[in-house]
Amino acid sequence: MFKRLADAGVAVAITVDGKHVGARSGDTVAAALIAAGIDHCRTTPVTGAPRAPYCLMGVCFECLVTIDGVGSRQGCLAPVRDGMTVETQSGKREAGR
Amino acid sequence: MKASDLAPAYDLVVIGGGPAGLAAAALAARAGLSTVLFDENPGVGGQIYRAIASSPVADRAVLGEDYWVGSDLAVEANASPALIVTGATVWSLDPSRVVGVSIAGQARLIQAGRVIIATGSLERPFPVPGWTLPGVMSAGGAQTLLKAQGLVPGGRTVMAGGGPLLWLLAAQILRAGGKLDAILDTTPRGNWLRALAHLPDFVLSPYFSKGLKLLREVRAKVRVIRIDRLQAVGDDRLREVVFGTGEGERRMPADLLLLHQGVVPNVNLAIAAGVAHAWNERQLCFEPVLDQDFETSVRGIAVAGDGAGIAGGTAAAERGRIAAIAAVRALKPEALVPDVQTVRQRLQRESMGRAFLDWLNRPADSFRQPEGETIVCRCEEVTARQVRDTADLGCEGPNQMKAFLRCGMGPCQGRLCGLTVTELIAAQRGTTPAEVGYYRLRPPVKPITLAELASLPIAEAERKAVER
Numbered sequence: 001m002f003k004r005l006a007d008a009g010v011a012v013a014i015t016v017d018g019k020h021v022g023a024r025s026g027d028t029v030a031a032a033l034i035a036a037g038i039d040h041c042r043t044t045p046v047t048g049a050p051r052a053p054y055c056l057m058g059v060c061f062e063c064l065v066t067i068d069g070v071g072s073r074q075g076c077l078a079p080v081r082d083g084m085t086v087e088t089q090s091g092k093r094e095a096g097r
Numbered sequence: 001m002k003a004s005d006l007a008p009a010y011d012l013v014v015i016g017g018g019p020a021g022l023a024a025a026a027l028a029a030r031a032g033l034s035t036v037l038f039d040e041n042p043g044v045g046g047q048i049y050r051a052i053a054s055s056p057v058a059d060r061a062v063l064g065e066d067y068w069v070g071s072d073l074a075v076e077a078n079a080s081p082a083l084i085v086t087g088a089t090v091w092s093l094d095p096s097r098v099v100g101v102s103i104a105g106q107a108r109l110i111q112a113g114r115v116i117i118a119t120g121s122l123e124r125p126f127p128v129p130g131w132t133l134p135g136v137m138s139a140g141g142a143q144t145l146l147k148a149q150g151l152v153p154g155g156r157t158v159m160a161g162g163g164p165l166l167w168l169l170a171a172q173i174l175r176a177g178g179k180l181d182a183i184l185d186t187t188p189r190g191n192w193l194r195a196l197a198h199l200p201d202f203v204l205s206p207y208f209s210k211g212l213k214l215l216r217e218v219r220a221k222v223r224v225i226r227i228d229r230l231q232a233v234g235d236d237r238l239r240e241v242v243f244g245t246g247e248g249e250r251r252m253p254a255d256l257l258l259l260h261q262g263v264v265p266n267v268n269l270a271i272a273a274g275v276a277h278a279w280n281e282r283q284l285c286f287e288p289v290l291d292q293d294f295e296t297s298v299r300g301i302a303v304a305g306d307g308a309g310i311a312g313g314t315a316a317a318e319r320g321r322i323a324a325i326a327a328v329r330a331l332k333p334e335a336l337v338p339d340v341q342t343v344r345q346r347l348q349r350e351s352m353g354r355a356f357l358d359w360l361n362r363p364a365d366s367f368r369q370p371e372g373e374t375i376v377c378r379c380e381e382v383t384a385r386q387v388r389d390t391a392d393l394g395c396e397g398p399n400q401m402k403a404f405l406r407c408g409m410g411p412c413q414g415r416l417c418g419l420t421v422t423e424l425i426a427a428q429r430g431t432t433p434a435e436v437g438y439y440r441l442r443p444p445v446k447p448i449t450l451a452e453l454a455s456l457p458i459a460e461a462e463r464k465a466v467e468r
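Protein chains in written order, with the numbering used here: chain Y, 1 to 97; chain W, 1 to 468.
Chain Y on its own, in the form it takes in the complex (with noise of 0.2 Å):
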């Protein structure tokens, strides 16, 4: 769905439900996503349907993901790091299923 103009900054490693992702720095945990090509990152609690991260700035809370352990952070603030996990994540309903 997007491509990188140019690879700048340098490449910081993180995995996204146990797979490797390569990322840059100044990138957030949602763009690291979509530059991926992952297709979206949460279901929703209510019927299950899928999400992917909407506006980018911090107010649809679409992009939540668990970070390092952390469920329900905005992926769209939060800068990767070397070595974060992050997961996708189930609505409540699907959990466990």
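What the hints contain is simulated information worked out from the structure, not anything from laboratory work.
Heads up, none of these hints are tricks.
One-sided and incomplete, this derived list gives chain W residues near chain Y with beta-carbon spacing under 7 Å: (1) Pro42; (2) Gln47; (3) Ser54; (4) Pro56; (5) Leu122; (6) Met137; (7) Thr144; (8) Leu145; (9) Gln149; (10) Leu151; (11) Val152; (12) Pro153; (13) Leu256; (14) Glu381; (15) Pro411; (16) Leu416.
Everything numeric in this text was worked out from a predicted model, so none of it was measured.
Glycine included, every Cβ here is placed at the ideal spot set by N, Cα and C.
Based on the hints, put chain W in the right spot on chain Y.
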């Protein structure tokens, strides 16, 4: 910077590091006020100057000179004695000017002598069928990815909506080598009639030549189609965009749909602080009630920038300066400050042409007041039909609507549904948005963990005190 490194009190706390916040903090700190600026993003600049100090977009022509002028504001603020803290989320502000802030999971309550809220604007909700599908994103979101990470749409991309930002982003994507399949223009033709009265003022403003140039640049490369209906279609993600023109329905396969319908003030923090707001019929949004120094109905709390009503980035900086001069005069009357009349005159010039733009780009009722199964509240997945039916049952306002439907009660706290819910209730009950009012908002205005709350320092006497 850790929260525990903050002083317990500052003369001035500025919330938000866009043009208004940066200009206010720099001016106040230079005049001798102990000043701290909090911004929740990784860097300052706000949305308009997002990533101004770190953008990987090397070719300055891509984002344009109107973006790069923002670096002066950032440099000026950084060179001033103001303490600028990024990654700092303000989650509460009360009428006695106690500011709740979290930095890296640690929270503090800071007493402010004065507060300037500079939390800017957000994009107006654009509730069309399918707008929650992955692959549908706000135009502002795509612009953030371009400015901060140098990411450009790579697949089949359609933009839809109206307003200056839509055309600016289209031009920036094209200059960066991106491709746009179409721009679907939702601006009602009838808007011209009301805008026309403000044309002379607009022609004399800088917006005129810039706007024409931008439109020409984009129209030369992209198909522009005027539409009156819009739908995003897909199963687990966007597959195609369906739209209505005067000649019937059309479909276009797409990987990415970028929506934009103008911007509105981000009111959450100000409303939670008890600031009185009023409906603006021209801009179709709520905005704080302010005096000429941008002070609110709550003593010592000002709102500057687009949060005070949409006027653009350059005006935001002037508004920030006026609010900062008022803060200095209140707390340190002997300090030297710039002549406020000069700043007011500059602000006046910046406001030229806005009335024309507002009337011309005023979104159509059908794109603000959805029907049927279109989702209104994205968080709680509440549909337009549910809101309309509940209003018909006798529900008079958005706060009662929460009890019926939970709309506005999800993590975004109404930021993406508040205006829609208010307008739908007004339309259904034959009254006005001013009469219906907005969500009652309370702190914390951003979610915080119990661990963050527990990290607040507490004195022995406070711990033993009887709470009411």
